[in-house]
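A.B. asks: Sequence:
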Amino acid sequence: MRTATLYLGSCVLAVTLCCSSHRPLPAQQTRPELSVKDKVRECVFRYQFVTFGVKDKYNKHFFVGNGIQGKIDPAPPLIAKLQSRAYSVKGISQCSQSPRGVFDMKTKARGLAFVVENMKFVSGEHVLVNANFFRDGKGGNEAIYTVDNIKGRWKVTNCKIMEVS
68 MRTATLYLGS CVLAVTLCCS SHRPLPAQQT RPELSVKDKV RECVFRYQFV TFGVKDKYNK
128 HFFVGNGIQG KIDPAPPLIA KLQSRAYSVK GISQCSQSPR GVFDMKTKAR GLAFVVENMK
188 FVSGEHVLVN ANFFRDGKGG NEAIYTVDNI KGRWKVTNCK IMEVS
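With this note's numbering applied, the sequence shown corresponds to residues 68 to 232, in that order.
You can take every hint at face value.
Per label pair, the in silico range of CB-to-CB distance:
1) Pro99 - Met229: 30 to 38 Å
2) Ser151 - Glu184: 21 to 29 Å
3) Ser163 - Glu230: 21 to 29 Å
4) Ser190 - Ile228: 21 to 29 Å
5) Ala176 - Lys222: 29 to 37 Å
6) Ala176 - Lys218: 36 to 44 Å
7) Arg152 - Ile217: 22 to 30 Å
8) Gly206 - Gln161: 19 to 27 Å
9) Ser190 - Arg152: 32 to 40 Å
10) Ile139 - Thr174: 19 to 27 Å
Calculated from the structure, these hints are not laboratory results. Yeah, the Cβ is synthetic: ideal placement off N, Cα and C, and Gly gets one too.
Input sequences plus hints: build the corresponding full structure.
C.D. replies: In structure tokens, the structure reads:
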């Protein structure tokens, strides 16, 4: 019995030492977990960035919004997670939009606006998302994205463009 107790004690001690030696990176310590809706938004925004944004060599400033008309900034943790070396990401409230284009209100730099208007959870693993992007009076679109949770990761599995300007 004593041997089993010592053996069990040393196993518990080994597991405790192993687990306690893992320290999260500083960014992981301060970044809160995203909600399921924000994870879906992140998936759609990244898809839009790659499909419509990154190819535009003049626009490296992306503005993201939520809600009908896209007037609401996403949660700060989502904006922080979307940052990249290739482009900057800010909330939609920090830009002005007109037929001439999308502009950063502080720097006047040209940018692109990406908006997730609404989402409908068909099931816990399948979501339909209405989203759009806007470049200027001649460039942009509105689309319905099908987003599925595949092996624990949200992925855009279909994009049906409804309107192009």
